[in-house]
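Colleague: Assemble the complex: chain A is given as a structure, and chain B must be docked to it using the hints.
Protein chains in written order, with the numbering used here: chain A, 1 to 379; chain B, 1001 to 1465.
Among the hints, erroneous ones may be present.
Dumping the calculated DSSO-like pairs for lysine-lysine here, alpha-carbon to alpha-carbon at most 27 Å [to be verified]:
#1 B:Lys1205 - B:Lys1215
#2 B:Lys1215 - A:Lys35
#3 B:Lys1390 - A:Lys159
Keep in mind that the hints were calculated from the coordinates and are not lab data.
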Amino acid sequence: MVRTADAVVIGGGIHGCSCALHLARRGISVVVVEKDHVGRHASGVNAGGVRRLGRALPEIPLSVAAMGLWHNIAELVDDDCQFVPSGQVRVAENGEEARGLEERASLLRDAGFNHEVVIGREELRDLLPAVSPHCVGGMVVVDDGHANPYRTTMAFKRKAESLGVRVLEQVRVLRIAKRQGTWRVDTSTDPLDVPVLINCAGAWGDSVAVMLGEPVPMQAYAPMLMITARMPFFVKPVVGAQGRTLSLKQFANGTVLIGGGVRGNAVRTTNTASLEFGGLSVNARTAAQILPTMRGARIVRCWAGIEGYMPDGIPVIGPGRQEGVFHAFGFSAHGFQLGPIVGSIIADLVTTGATAHPIGPFRIDRFDSPPQRQRDALT
Amino acid sequence: MKSHYQLAIVGAGPAGMAAAAAAAECGATSVVFDEQPAPGGQIYRAVETPAAVDRAILGVDYWRGAELAKTLRDCGVDYVPGATVWQVSPTREIGVTVDGTAMLITADQVIVATGALERPFPVPGWTLPSVMTAGSAQVLLKSAALAADGAVFAGTGPLLYLVAWQYVQAGVAVKAVLDTTPISNYFRATRHLAGALRAPQYLMKGIRLLRGIKKAGVPLIRGVRDLRMRGDDAVSAVEYRRGHDWQRIEADQVFLHQGVVPNVNLSYSIGCRHTWNEAQLCWQATTDSWGESTVEGVAIAGDGAGINGALAAEYQGRIAALGALYRLGTIDADERARRAAPARAALAAERRIRPFLETLYRPPKYFRVPPDDQTVVCRCEEVDVAAIRKAVAVGCVGPNQLKSFSRCGMGPCQGRLCGLTVSELIADFTDLPVSEIGYYRLRPPIKPLLLAELAELQTPAASDR
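With the rest of the complex left out, here is chain A (with noise of 0.2 Å):
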C-alpha cells in the first residue's frame, strides 16, 4: 500500500521530530521514517550541551533564538527536557588564551551579540571554586546550560505524534525517485508518495543527499564521551577550555559528564561507535588538570555516538536543487541546542517558501567547485 501525505522527514533524531512537530503545528501532514528508532544515534546519546558560548558566527544568530525556545522549552514539547540553564564557561590557561577570548569577545560585540563575558581570575574562581590555580580568566554565557538529549527527542516525538504526526520506526529509505511531480519515496515497508522531502538524516544525511543528486563531503566521526560515579557537588557551568577539547558537566545526581569532541570510529553500515582510549586519556588528562578533584572520579561508562561532520565545521539547512527538497543535516557535533529552531526555520521554507533567519551559510551547494556552481546557475 502506497502510503501519502504532505510531507516525510527523514530521520528520527532532534531535527527530523522538530521539523515534523512544527509542519504539524502549521497543519501540514508528516511522516517521518527512521531507519533505528527515534533518538537512537547523535540525538540521543550526545553530551546534552545548550550553548551559544563559543559558536561560529555564522550560527549565532540561529543559537540565540533556539536559545528563546530552550528557555520555553515545556511550552513547546510538554516536557522540562531536563533543561538547567547552568551557564556555560570556557577557561582560559594561560594569557594568550585569555587574549583569544578578549578577541572572540570584541568581534562578537562588533556583530552586535552581547552573550559571551570575559570573565577574570577572581570571578572564574568564585564561579568555579574547583578550578586549578594554573587558570587565568575565562569566557561565560549565564544562561546556556544543558538537557537531557534523549529525553528531549522523544519529548519532540511525542509532541509531534500528538499532533498527528506519524513516526515510522526501523524502516530504512531504498530510493528516492521524482514521478509526476511528487516525491516517491521507496522503504524497506511500503513506499511514500509526497510532494515535501526533508533530509535530517544526520550521519546519514549525505547518502540521502546522494539519492537526490546532491553529493556533499562529509565524514562520519564518533565523539566520544565518558560518565562517572556519583561525587559531592563540585561544579555548577559546563566547563569549556579555550586551548583544548573539554566539556564537562555535573548532574543533579553527582554524576559528571565529560566529552567535547574527542573522536572515535564510526562504521555507520553497522551502527557501531567504537571507543578509542588513547583520546579519552587524552581527554581525560585535560579534565584533571583543569578540574583537579576529577583525578579521584571513578569512570563507570563511555560511550560514542554516530555524527555527521562538514568540512567547514558548521551544517547544511536549507532547500535542496530539487523542487520540495529541504536538508538540515551534518551538524558536526553541535546541533543538539539548535533542533528547536532549525525545526520551525525548516516549516518557514516548507510553507512560505522562505525564513526570517540568516541559512545562507548552510547552503548545500556551498562546496560545490566555481565551474560547478556556474554550470548549475545557468541551468
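Modeller: Same frame as chain A, but now just chain B:
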C-alpha cells in the same frame, strides 16, 4: 609483561587456567590477567592458601583447583594477578589496570574466561544490608573464615546447598534453609533422570549435601513460594509463605541464591553476538565448536558461554586454547583435533547432568519477574518495578531506552545486577519474547576506572613495544 601477546586470557578460574596450560604446551606467548590476588576464580578461590578451614570442610572437589593453579604458576605463561581488565576492543586491544597503572596492550587471540555471576534474586527487601548472596557467603568462608552464626539460606540450586553444607561442616550454625525450588520442578526433572544417572557423582553429591544439612539439625523448609526480607537499617527477619500464611524467622544475616548465569559484561562490550538461552534463562555468547565468538579472534570459554560447571569449564578452556593456537598457526588442524579429543569426550560426559539440573533448579517466574511493584530492580539507582512498568507504558521498548527513561542500569555496576531482571520484566510487560527485548548495550570500561589512571594511560607506543 609485554605490550603484545599471541594469546591473552582474561580470568584465572578453571577455564582460564586450563587454557593457559594448553597454550604453554604448544609454545604460544601468552598472558593470563586475573582480578584476584591468586589463581582459582570464584570456584577455586584462594585454593592455594585456604584460611582457617581445613580440606574436609570445602570438600574434595575444591582441591582439584590446586593442581590447575600449580600448573598455571609453573607452565611459563605470564600470569598477572590483581589485574583488572576494563576493556577488550573488537580489534583485541586490551585495557588493563595493574597496581594503579592503566595500560593498553594487544593480542592476536583473546580468550574470555570470566565465568558466571549469581542470578539476581529481586524479592522485597533484597537490597537491605546483611542480605547477601550464597556466593559471597562462600567467599567469607573460603578466604577469611569470617562466617557468622545464625544465617538463613534461601533459594534454590546446588551452590546454595553446598555453601550451607560447608557452613555446617565448619561448625557455623545455620538457622534455616528455605528452599524455593517449585515442587513441580521435581516432577519435570524426572524426565531427565536417565541422563543424570549417567553422571551419578552429581546426584550423590546433592543427596550427601542435603543429608549433611539435615543431620546437623538445620530446618530445611521446602516449597517456599513467597519470600521477603524485613528490617529497618539492616535485615532483621525473613518472612516466607508456603501456603496461605506468612511465617517469620528472625535473622540478621540472609544469603539468597537462585543459580548462576554467564557473566556477559566483557563479551557484550566486545560486540560478540549473544542469544537468549531459554533452558538456562540467561544471555550467552554465540560460539562455534572451538569457543570462538562472532568477533574474530575472540573466544569465550567456561561458564561465560553457558553454565556447565567447573569441570566442563576446564575442558572448554583447553578446547578454546587449541582453537586459538590453530588460528595463530601454531598447530595444524590434525594436532588441534588430536589434542582436543580427550577434552571433548570429557566435556560431553560433564554435560549429561545439565538438563536434569536446569529443569530441577529452574527458578520460577515469580522470583525472576518480581510481581510486587515496590520491589527494587536496579540497586544502584533504586529503580523499582513500578518505574519500569511506567516507562514501558509510555513507549520504552527495551533495556537501552529504559536507561534514559529511568536511569535503570546506569549506576556503578552498569547493569550487572539488574540486566536479566530488566530483560524479563520488559518482555513480561510487552508480552514479547525475551530474545526480542535484548539486553543493555554494554560499553567499556566494564570495571570502574579511576580518571587519574585513564589520564596516565600507558599505550604500547609509549612503553616497550
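Colleague: Could you run down the list of hints and mark each one as holding or not?
Modeller: Quick rundown of the hints versus the structure:
no.	hint	in the structure
1	B:Lys1205 - B:Lys1215	holds (15 Å)
2	B:Lys1215 - A:Lys35	violated (63 Å)
3	B:Lys1390 - A:Lys159	holds (18 Å)
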